[in-house]
Amino acid sequence: MTTQLETPRRTRPSARRARPSLGKVLAWTALIGFVLVTLFPFYWMLRTALSNGAALATDPGSLAPVDFTWGAFERVLGIATTGEAQAEGGSGASLDFWGYLLNSVIVATSITLGQVFFGALAAYAFARLQWPGRNGVFFLFLLALMVPPIFTQLPNFLLMRDLGLVNTYAGIILPFFFMTPFAIFFLRQFFLGISSEIEEAARLDGASNLRIFFRIILPMSTGPLATLAILQYIQAWNEYFWPLLVGSDNSVRVLTVALGVFRSQTPQGAPDWAGLMAAALLAALPILILFVIFSRKIVNSIGFSGIK
Amino acid sequence: MTLTSPRTKRRRLSRRVVTSALAILTATGLAGCTQGAMSEGAWGETGDLTYWMWDSNQVPAYQACATAFEKKNPDISITIEQFGYDDYWNKLMTSFVADSAPDVFVDHSSKYGDYASRGLIENLDELVEKDNIDLDQYVNGTVDLWRAADGHQYGMPKDWDTVAIFYNEELASEAGISAEKLGSMTWNPEDGGTYEDVIAHLTVDKNGVRGDEEGFDKTRVETYGLGLDDSGGGYGQVTWSMLAGTTGWTYMDEPTWGSEFNYDDERFQSAIAWWRGLIEKGYMPPLSQTVGTALSSKMQAESYAMVTDGAWNINTYAKLQGVKLNTAPTPIGVDGERASTFNSLADSISASSKNKGAAWEWVKYLSSPECQSTVADAGVVFPSLSAVGDTASERFAETGFNIEAFTTHVDDDTTILFPLSENAVEINALMTNAMDKVLSFSTEPSSLTEVNKTVTGLLDE
Amino acid sequence: MATVLLPEATPSTPAQPTASARSNRRRATRRQTWTALAFIAPSLLGFVVFYFWPTLRGIYLSFTDFDVFTDPVWVGLDNYTRLFGDETFWNSARVTVQYVLINITLQTILALALAVLIHRVTQSTFLRSVVVAPYLVANVVVALVWFWMLDYQIGIVNQGIEWLGGNAIAFFGDESWAIPTIALVNTWRHVGYTALLIFAGLQMIPKEVYEAARTEGANEWKMFWKITVPLLRPVLALVLVITMIGSFQVFDTVAVTTSGGPADATRVVQYYIFDLAFQRLDFGYASAVSVMLLLVLAVIAFIQLRLTRANESDLN
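Chains as they are written, first to last, in the working numbering: chain C, 1 to 308; chain U, 309 to 769; chain X, 770 to 1085.
No wet-lab data here; the hints were simulated from the structure.
Glycine is no exception: its CB is placed at the ideal position from the N, C-alpha and C atoms.
One or more of the hints may lead you astray.
As the list claims (entries may be wrong) - Quick list of in silico lysine-lysine cross-link-like pairs, DSS-like style, CA-CA up to 27 Å: (1) X:995 to X:976; (2) U:514 to U:526; (3) U:662 to U:379; (4) X:976 to C:24; (5) X:976 to C:297; (6) X:995 to C:24; (7) C:24 to X:991; (8) U:489 to U:526.
As the list claims (entries may be wrong) - If you want a taste of the chain X side facing chain U, the calculated C-beta under 7 Å gives, among others: (9) 837; (10) 942; (11) 944; (12) 1031; (13) 1047.
Can you make the complete structure from the sequences, with help from the hints?
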C-alpha cells in the first residue's frame, strides 16, 4: 500500500558532492522547461483577465496586463454595469457566479459523498467478504470502466427524461452517485492490504460484519478515503458533457457549463477574452485552492495502487 | 442501530434492497417502453412563459415589450432567456428531447422545417384566422419564409434582414475610392468587374504596396481588401449569395421548399471560383485564418478594409471604437441588378407548452404594431411590420451608415429568399464540409456537382 | 476519464479466514453472502441502472430508427450498412486515430522523460504538484485558454513565432494543423499526470539496481535503457492503454474550439455521435456509431489484458 508513500529524502551523497555535471545541468534545464510550459498558461489567464478586453488587441505581445483593470472580474461577477462591460469588450452578459458555484458545490459534494460511501461498502464486500459470484460481479464492474461515457449517456439522458429528472440536481448527480468503478477498485486495493487479524479478533468477539466495517475498517481508512474523495471531487467538478445535457437550466447549471454558455454569448463580436479568462480562473480557483491544501496527498496517491 | 442484528432482520434488509432494486428496474423498464413519449402541451391562457432568444443586442427592446405586455396581461408573466447562437440550437434540441422547451422562442428559417415536420412547434393558421390578423401588413416575403412545406404557417415574422458591404471610410479615402464608386460597383465572374478592382486597390501588403500595384507581396498582407467570415456552407448568406444571386442562379428549383438544389449550376460554381480566387490573389484571407475570430474585430484591427455582412450586425459595426465605417450596397451583377439573400426571423410556439393560449397572446403582441414600434425605435433590426419600417431606418441612420444599402433590395425587389428545405441541418453540415474544402483548395468548385446529388437526395427522406 | 488507477496486474488473494472448522466457515460464508449483497447493493443498483441497462438499450437502439419523439422502429442492420458507406464516419474514425496517435506518442514520451527526470534528479513533492496542476483544470477551461493563446492574430504563441521571424500559424483553422493542435493541448493537460503514473512505477524499481549499475560504471543514459525501460515495460503498457482509452473519447476540446471544422478535420467520433444524436436527432444511427467505438475500446482492453499478462514476469 502506498497511500502514505513518503518521498524518499535520501539523496545519493556521491552525486551531491560532485561538481554539477553537464548531464545534471541539462536535466535541470529540461525540468525547468517543463515547469515553465506547465505554468505559463496559468499566468497567461491571469494576465489576460487583468487586461482591458477592448485594448487586448493593441498590445498582444505584452507580457504584463494590457491597460490593467479589475473590470473583467467585475463583469463576470455581475458587479459591472452593462455599459461598463461593453466598454471593455464584454457582451453585457454576466455569470451568476455565486449561483453556479453553489450548484457546482452541491453536485460535486453529493457525487463525492455517494461514490466514497457506496464505493467503500462495495469495495469491502469485494475485498474482505466471501460470497459466491464475487469475481464475476467484480469483472462486470471492471468492464464498466471500458464503456465510453457517450455510449451510456445517450440512453441515460432518455432515462432521466422519462423519470422527469432533467434540469434537476438529482438528474446530474444520480448516474455518478451510486457507483464509479474507479472508487471501488481504489478502495478494494486498500482493504486488501489491511491485516485480517484485527478483523478476525473482532469477529471472535462476536462483532458483525457491519460493525467491523463501521467501527474498524472505516476508521483505519480515513487516509485513502480522503484521497479518493479529493480525486472524485475534482472529477465531478470538472465534468462537462453530462451536466451540459441534463443540467443546462439556469437553476442547476454548474460552473463548467456556465463557462461554455458565457463563451458563446458574444456571437456578434470578438470573444471577450478578458472576461472569459477571468471566468475560467474563477471556475478553476476552488479546485486549485483544494489542491494547494492537499497537494502532497493528491500527488502521492496518483499511481496509487495495483502496480505491485 | 443494533449492530448484532439477528439473521432474519438482516435477511429482511437485503430483501428490501432487492425489492427496491427490482422496483427501480421495473420503472426504468417501463420507461424504456415509452421511449417516444412527448407531452402534448395544453392551451392554458395564463401563467409563466419562457421566451428564448439569441441576440443579446435585442434583449433590452424585447424586455421592454415584455414589461408592457405583462402590464396589459397581469396574469401572464414572461421570462426572457438569452443564449449565444452557437449554443442556442443545441440547447433547444436538448430541451425538446427533455420536454422542457421554452413556450415561445425566436426561430430561424433554416431550422423550423425540422421542428414543424416533427410536430414540435404549433401550426398558427387557425390562430391567425381566428384573430383576423392581416398578413399583408408584414414586409413582402417575411410571411412566405414561415410557411412550411405543408403550407401551414409556423411562426409570426418579427424582423427581416438583407446583406450589404461594410467598409472602412478612412482606408477607402486613402485609396482614393469614393462612396459613389463603392455604391456603383459592378461584378461578373470572369474578371470581377469594378468590384474586384476596388478590392484589389484596398488590399495593402506590409510594405505598403497595394494589391493592384507592381511588387505586391501576397504572402505578407497587412490589410485584405475583402474580409472572409467562413465558407458560407449551403447558404452563403453573407459571403457569396449576393454574387451568385445576380447570375440568375437560385438555391433551389423553387423559391421555397424545392425538390432539387442547384449547387451543380455552372453559374453558381463560376461565382464560387471567382470568389475563392481572391484568396489566391491575396485579396481575401485564407479560410484557415478565420477560425475563432469575428469579422467586426478584424474590421476594428484594420485587417480588412471591407466585409459583406447582414443587417443584424449594423449596431455591432457602428459601435466599433477607433475605426470609422460606412455601408455600401452589394455590387451590381451579371443581370444588371444587385442581389441579397432575404431572411426573416419569427416567433414560434412549442407544441409542448402548457400555456399555448398565453403563448399565442405573447406572440401576437410581439408582431403587433405596439411591440414592433418599440423594437423599431431601438434600432437593432428591421421590424417585419411595414408600417414601422421608416422608424427603424431613421434610428439606423443615426449610426451614420448608408441604410439604403440594406433597404434597396426590398425596394427594388432584388432579394432571393433564404432557402427552405427538409433536413436542413444535415444538408448544411454536408455543404459546409464541401464548401470548406473548396475554399481551402482541397477540392475544385466542380466537386459541388457531386455534393448536389447527395443533398438533393436528402430532400425526399 | 476517471481512471487514476492502474488495475492490478496480479489477481488478489482474498482474506483467508483463520477459522478452524469447515462447517463454521460455511456458515460464516453464508452470513457474509447476505452482508456482501447488502454492501454491494447500492453499487450494483448504480451499475445496472446507469451502466448495464443503458449499454443494452444503446445496443438495441443501434438496430432502430429513433428520433426520440416517436417510438423506435426496428430496422435491423440498416444503421450498420449505412455506417460502412458513411464517408463522414470513416473520416471521423481517421481523425480520431490520428488524434490518438499524436496525443499518445507525444504524451507518453514526454511523460516518461519527465518522470525519469523527477525520479533521477529530484523527488520534490512541490515539483510533482506543479506538473500535475493542468490536470486539475477542466477540459473546457484548458481548451479555452489554449484557443486564446493560439489565436492566429493576437495569440501569444503566434506573437512569439512572429517575433522569432516565423509566419503565424492558423493552429485551429488550418486543416492539417487542427488535430495536432488539439492533441498538443490535451497533451499539456495530461502529461504531468501521466508522468506521475510512470513515476509511481519507477519508485518500485529497487534503488539497489541503480546503485549496483553505478558502481559498475554505467552512466544515466545506459541505466535508462538497460534498467529503467525494461523494468518499466509493464507499467508503461498499462499507462499506454489507460491513456489511450481516454484519448479515444476526446470531445470537450473539440466542442469548445473547432466544433468539428474546418472541413470536418476535427470531427472526432465522439463529436460525430453527439452531432448525430443531438443536432440531427438520429439516435439510432448515433447508437450504431457508439457501438463501433465500444468495440474498438473493447479490443484495446483485450490487448491490455494480454500485454499486462505477458509482461507480468518482468517485475516480479
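Does the alpha-carbon distance linking residue 489 (chain U) and residue 526 (chain U) stay inside the 27 Å limit?
holds (25 Å)
What's the verdict on residue 995 (chain X) and residue 976 (chain X), does the C-alpha distance respect the 27 Å limit or exceed it?
Distance ~14 Å between residue 995 (chain X) and residue 976 (chain X) Cα, so the pair holds.
Tell me if the interface restraint on residue 1047 (chain X) is satisfied: Cβ within less than 7 Å of some Cβ in chain U.
This hint holds: residue 1047 (chain X) lies near chain U, its Cβ roughly 6 Å from the closest one there, short of 7 Å.
Is the hinted pair residue 514 (chain U) and residue 526 (chain U) satisfied, with a Cα-Cα distance of at most 27 Å?
holds (9 Å)
For a C-alpha distance cap of 27 Å, please report whether residue 976 (chain X) and residue 297 (chain C) respect it.
holds (23 Å)
Interface hint status, residue 942 (chain X) versus chain U (Cβ within 7 Å):
holds (3 Å)
Any CB of chain U closer than 7 Å to the CB of residue 837 (chain X)?
holds (5 Å)
Given a cut of 7 Å on the nearest C-beta pair, is the interface hint for residue 1031 (chain X) held or broken against chain U?
For residue 1031 (chain X), the interface hint holds, since the closest Cβ of chain U sits about 5 Å away, which is under 7 Å.
Has the given pair, residue 662 (chain U) with residue 379 (chain U), been kept, meaning a C-alpha gap of at most 27 Å?
Roughly 21 Å between the alpha carbons, so the hint for residue 662 (chain U) and residue 379 (chain U) holds.
27 Å limit on alpha-carbon distance, applied to hinted pair residue 995 (chain X) and residue 24 (chain C):
holds (20 Å)
Would the stated hint for residue 944 (chain X) survive a check requiring a Cβ distance to chain U of less than 7 Å?
holds (6 Å)
Please work out if residue 976 (chain X) and residue 24 (chain C) have their alpha carbons no farther apart than 27 Å.
holds (19 Å)
In summary, the structure agrees with every hint in the numbered list given earlier.
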